[in-house]
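Asker: Dock chain one against chain two, each of which comes alone in its own frame, and use the hints as you go.
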Amino acid sequence: MMTEIALNILDVAENSVRANATLVEITVSVDEKNDLLSVLIKDDGCGMSSEQLRSVEDPFFTTRTTRKVGLGIPFYKQAALAAGGEFYIKSEPGVGTETFASFGLSNIDRMPLGDINGAIHTLVVYNENLDFLYTYKFNDASFTLDTREFREILGGISFKEPEISQYIMDYLSEQKAETDGGRNV
Amino acid sequence: MKSLEELKALRDKMQGSVTLRNESEASTRIVVGMATCGIASGARPVLTALSNAVAEKKIEDVAVTQTGCIGLCQYEPIVEVFQPGKEKVTYVKMTPEKALEVIDKHIIGGNVITEYTIGAIMKN
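Same order as they appear, the protein sequences are chains A and B.
The numbers in the working numbering rise by one with no breaks, and the one at position 154 of the first sequence is 154.
The numbers in the working numbering rise by one with no breaks, and the one at position 99 of the second sequence is 99.
Calculated from the structure, these hints are not laboratory results.
One should not assume that every hint holds.
[Said to hold, decoys possible] Simulated pairs of lysine-lysine, DSSO-like, Cα-Cα distance not exceeding 27 Å: (1) A:K160 - B:K13; (2) B:K98 - A:K160; (3) A:K42 - B:K2; (4) A:K160 - B:K93; (5) A:K160 - B:K57; (6) B:K13 - B:K58.
[What the hints assert, rightly or not] Footprint (simulated), chain B over chain A, 3 or more residues, beta carbon under 8 Å: (7) 10-18; (8) 70-78; (9) 147-158.
For every residue, glycine included, the Cβ atom is placed at its ideal position computed from N, Cα and C.
If we strip away everything but chain B, and leave its shape as in the complex, we get (with noise of 0.2 Å):
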């Protein structure tokens, strides 16, 4: 069993080493739809993959979050990507795979991966 005594005994760990982040201050934005057509198509171990990987890889300024349907049901589940100054990025038919990858070489190596944005999809 865990006890709340844990969780205080972590709180004053990281009382004064946390920097309270602010999500609104981050300069990425990971989104992840979780409405019922993204939920269905396997959404959640999606947006749980892209979470840990940002926190295991200490990526500072990315914040990972969740919308809800923005009306391309049949592409769910839909990661979109936005970075100031750039063009918003649309991933689609996601995986908690594919996820890590676009952590890998989108948000850490800066190259966006083009076979599976929205782009390519429809163009097949």
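The following block holds chain A by itself, in its conformation from the complex (with noise of 0.2 Å):
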């Protein structure tokens, strides 16, 4: 069982990059208007046939051969739907994933979002081979992280770099504290 969302996250997102995704979409968004904490991640990889698209919330379904289940997405689904949120996903072969999860923002069983900012960093600088955009809202307000962006402007310089990982952490910290406030969600 995953202790914070950001961890689910990181979870659903490494399936993305087993997909081959060249890139994957992740917006976070924090409503208190509409009491909602909502997570998309969407991907353009491999994608996934029907059939596999229904065994994926079953927990004793898994592509890998190491072991025996799948808890994934069991995890992610029940985490929302415990907290009185939603959740879907979708797929197509050759065309990508998207995950949707919703959770209610008061409601006493959801799990904290937690370390997100440490969540996007492993992952966009674990994972040069692909490019995220991440997206952060917090009610009206919101920043991104497209690291197209950033490639861009290094050439060849790599994410891995100290200079460079530690630049991704402090836009992530320093981003989200100016959208919200330095809220605890």
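Answerer: Quick look at the structure:
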């Protein structure tokens, strides 16, 4: 069981990496008026057949061969439903996959968003062969991190260079603090 | 707010001084399991601790990367160390603190911390 929504996002987005996506879009929205926290993860990876799609919510289905259970999506879905939210997953072979999860913001059973900056940083820095478009919305404010922009500036310099990795972490923390006023979601 | 101008300044400062590192050429590979099992048991802070330590201590020739599940979920977070000419070392039930010890004693010092390896844990 994950303890933070951020870890679910990290886990589910890793599936996009394995699906050979070239772009993964992650949008986290906090909407106090409608009392909702929602997460959209969309990739342009290999997608899934309707048969596979039916089985991903089943914990006893996995594509891996090292073990017999696949808990990523079931954990994520359970976390959303337990917090009065909704969950769906859509996929088309050759087009990509999209997951959406919402959580009741003030629901007592909603796990904290957690270290979302750390999760996005890990995804971006350790998966340099694909691009991420991350958007964080807090009511009417928002910011984005687009690795395509960063890459264009950096040319061949790796995100793993300590200075760049630190810049990405600072970018995420400062932009997020500016967007949500440093709120603990 | 961080601006992209700052990133451009960083780039200009680094260009020339940075020898573009090629990970496939790094002789030591430290690999962290980051599948559902790893993440749920705390692999992310372990990965961060390892890569920060490698950067801060300016250890050359070491690449920190991630992998999926190797089928030993009950022992996660798992860190594997691959070094040329040596047998793979599998550290289990890692924490950021233990990971730093691995950097100091094993990667820098050259001594495997046997008590954290899978062999030691399975004997108990």
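Asker: Is the hinted pair K42 of chain A and K2 of chain B satisfied, with a Cα-Cα distance of at most 27 Å?
Answerer: 26 Å, holds
Asker: Verify the coverage statement for the stretch 147-158 of chain A against chain B, using a C-beta to C-beta distance below 8 Å and requiring 3 or more qualifying residues.
Answerer: holds (count 8)
Asker: K98 of chain B and K160 of chain A were given as a pair; does the straight-line alpha-carbon distance stay at or below 27 Å?
Answerer: 22 Å, holds
Asker: Quick check: the stretch 70-78 of chain A, covered by chain B? Criterion 3+ residues, Cβ under 8 Å.
Answerer: holds (count 4)
Asker: Next pair to validate is K160 of chain A with K13 of chain B; report whether the Cα-Cα distance is within 27 Å.
Answerer: 16 Å, holds
Asker: Taking 27 Å as the top limit, are the C-alpha atoms of K160 of chain A and K57 of chain B close enough?
Answerer: Holds: K160 of chain A and K57 of chain B sit about 14 Å apart, inside 27 Å.
Asker: Are three or more residues of the stretch 10-18 of chain A within 8 Å, CB to CB, of chain B?
Answerer: n = 4 at 8 Å, threshold three: holds.
Asker: Measure nothing beyond the straight line between the CA atoms of K13 of chain B and K58 of chain B; if it is 27 Å or shorter, mark the hint as holding.
Answerer: Roughly 18 Å between the alpha carbons, so the hint for K13 of chain B and K58 of chain B holds.
Asker: When you check the alpha-carbon spacing of K160 of chain A and K93 of chain B, does it fall within 27 Å?
Answerer: 25 Å, holds
The structure meets every hint from the earlier list without exception.
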